Amino acid sequence: MAERVVEPAATTQATPMRRRDPRLMVVNWFRELTLVPVIILLMIAGALVNSVFFTSSNLINVAQGGAALGMVVVAESLILLTGKFDISLQGTFGLAPLLGAWLIAPKASEGLGTEWSSWIGLLVVLLVGLAVGTFNGISVIKGNFNAFIFTLAMSILLTGLQLGWLGGQTVYHLPAAFIYLGSESWLGIPVAVWVTTAVFIAAALFLRYHRVGRAMYAIGGNLEAARAAGIKVDRIRIGVFMVASVLAAVGGLMQAGRVTAVTAGQGSDLIFGVFAAAVIGGISLDGGRGRMVGALTGVILLSLVTNILTLSNISSTWIDAVDGAIILVALGIARVIGTDRA
Amino acid sequence: MQGNPSEGPVEHRPLVGEAERVSKTFGETRALIDVSLGVSAGECHGLVGRNGAGKSTLVSLMTGLSRPDHGTIRLAGEAATGLADRSAWLKKVACVYQRSMVVPPLTVAENVFLNRPTSRRGTPVVDWREMRERAHAVMLEWGFEVDVDQQASTLTVEQRQVVEIARALSIGARFLILDEPTAALEKAAIERLFDRVRRLRDGGVGILYISHHLEEIYEICDRVSVLRDGELVLSGQVRDVNQGSLIAAMVGSMPPRRVTEIEAATTPAALGDQMLEVSHLSVHSRGGSVDDVSFSIRAGECLGLVGLDGSGSATAADSLIGLVKPRSGWVSIHGQRVPPGKVDAVLSRGVGYVPQDRHARGFAPQLGVAENLTMSVLERVSNALGLVSVEARDAIGEQQVDKLHIVASSLQQPVSSLSGGNQQKVVVGRALATDPSVLVVVNPTVGVDVAAKERLLDTVGQARDEGMAVLVVSDDFEDLRICTRLLVIVRGKISREFTQPPWDRQQLISAVEGLDG
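From first to last, the protein sequence lines are chains A and B.
The first sequence runs contiguously to residue 342 in my numbering.
The second sequence runs contiguously to residue 859 in my numbering.
Calculated directly from the structure, the hints in this document are not laboratory data.
No incorrect hints appear here.
FRET-style restraints, in silico, Cβ to Cβ: (1) 424/B / 272/A: 41 to 51 Å; (2) 331/A / 457/B: 23 to 33 Å; (3) 272/A / 367/B: 36 to 46 Å; (4) 184/A / 667/B: 45 to 55 Å; (5) 127/A / 667/B: 30 to 40 Å; (6) 492/B / 331/A: 39 to 49 Å.
Take a look, some chain B residues computed to stay more than 10 Å from chain A by CB distance: (7) 443; (8) 483; (9) 530; (10) 561; (11) 851.
Because the structure is a prediction, the values reported are computed rather than measured.
Here a beta-carbon is modelled for each residue, glycine too, at the ideal position from N, C-alpha and C.
Construct all of the structure, not just a fragment, from the sequences and the given hints.
Here it is, written out as structure tokens:
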């Protein structure tokens, strides 16, 4: 039975059927892990390029940079799975921590000077994410705005606010609790890495085992079928926008903690890397296809590329070109090995 | 029964398309085994077979979309060229698929001349006047009545077929393959299609006519060939083949038991409580408006809502399920009114729904069989935290797979890779998995083979016997055999009621066509 590609014609009696098809499961996992060989190759290349690459401090540095990116990749992947996308996640990534930091930082370091507790600042970060996500979700889903052009405009607006709010200044001297996520370590590994790993695992398990997670695949696979099946498609899709923006805000917080400041430019040009990581990792831009494992390999790959390029002797003016070329090659490899990618 | 397709009087005419001893294998599936079939100029040749019998494979070989492993394809008497030379194929053969191949934003004339130069000098500049005149000339020559300046997005299904046929003829093809051409057509349009086919035939075009509707074969075809499991099992003059032997050839050793008594009477069991009530429903819709429609269904009753495509019958179903908001009127389930336009609210009150178009609304193609079957019962297969139990999901999946005889390699096989009949079974299974007290099915057997059709109707009939209130919306009279009462809907209004099975086909047709009252 398992070998049949076309259904047998004359079988009117149901033949005994397996619940699981082991072959299908192997194929699915294989698809998710297509990038692993590429990652291994990159690591070898990294070791050859610079002996610093395999030091623990460098690898931790890579992981920490990847953590912030990873949060946004999880966020974007969730939205992509439901068949939409959100470009303004990069705006949220910058604006949310900026507003939170500005509210609590001392006047001398470009803050408002309230000297309020860090917790209020953190709360504001999350609330900004929630507000932006809600606005995007309701506008795109209920208002029927095109997701591309609407969230692009939102992105420009948010980035502009981020720049205009403080006249392009950087907020610094942030309280310890505010930057805890991005600056502290547990067992020698940055908290941000722990948190992003946990978020990846939680998202993966949620998508696989939670009814809303399964409904998201149904929505992305065939919106009208999901609607006709009684799934609350609008509520779930708006909810996904909200969760995604909150995740992006937390990602921004990690970035702020890592550099112990919020710059006016934080998050700009981030979204390209986010889409690249998700798509290289097998998340379909058409919705309904892809898994978190794949997205994670995409994040690792992109972070390694950035790091190796920095360590190499390539002139900094050429790094973007090489970065783009490597992403194209990775897309090509993923396209050849996997089936429904890119 | 092994017939030689090169017998018969039409054979004196040249063959426009011919497959000679072709075989094709996909992986381990032998899709076609040593099949020979020829279509002569001026002949309408019927091709029937269950889903998966190899019809689509044969079409792809004869249209140059794939290459046979063995055997040859000949077009207009010449051996076919390589697959790379598409334009050589297009000059000789064209297939009109169920799915539209017109480009909606372009005009009819542009669609007819798609990807072909229109200027006399052969420059790539579009000569609009020339193109319109030539497109118009093609329409005139074959008696097609479609405005060449019309935008293709405004065309009906019937008109789109005409445009595709006109495109093929204008390129020069004289071998046409019509794949289920009547599937999406209303009765009057089918008649017009038959007229067109006869005109094409008389004009020397050879037609390979693929259909699940055997009565169409008898109406329009000269010869008929039957494929089963990739083999040609019957081929002969239509007048020499009776319906019984045709069906026997299609299904092999296991003829479905009810097929000869298409409109078999069903005795209504003792009816239960009123389950569904629709009151003064009016809906505005481009797909057919509904005007002040009221009806109710009791437990154990199966009401058939019969109407042409565009009559509003499907709109009424979509509206009562909450997919379309009604302009006025209300729907109540178990005596309780439901909020208008909320699908999940309606379904959560115990309504199962099989939508009209399975590709558009029926299933998520990339998800597995079990996932699709449980799409409406995610609450039931998950715990208080919302975590889905794979065990529970597979159990429900298996139950429906057994009930409907769904053929799949595993519960995880993506529904996109199932045949049409099995896909539709999954959609029906999804509705039944909710254990509904009211079941609404729209065109449940469109484009499925005879055996799957029987299985689907039997399953729905069984649900009715078990006390479900069933609404069947269909214009396929064979679907109505499970109904205990019929309402005919014409232009959005209920025009007639039939309460006493068996249904008289003539009366029903004239009522549906709006010929009486």
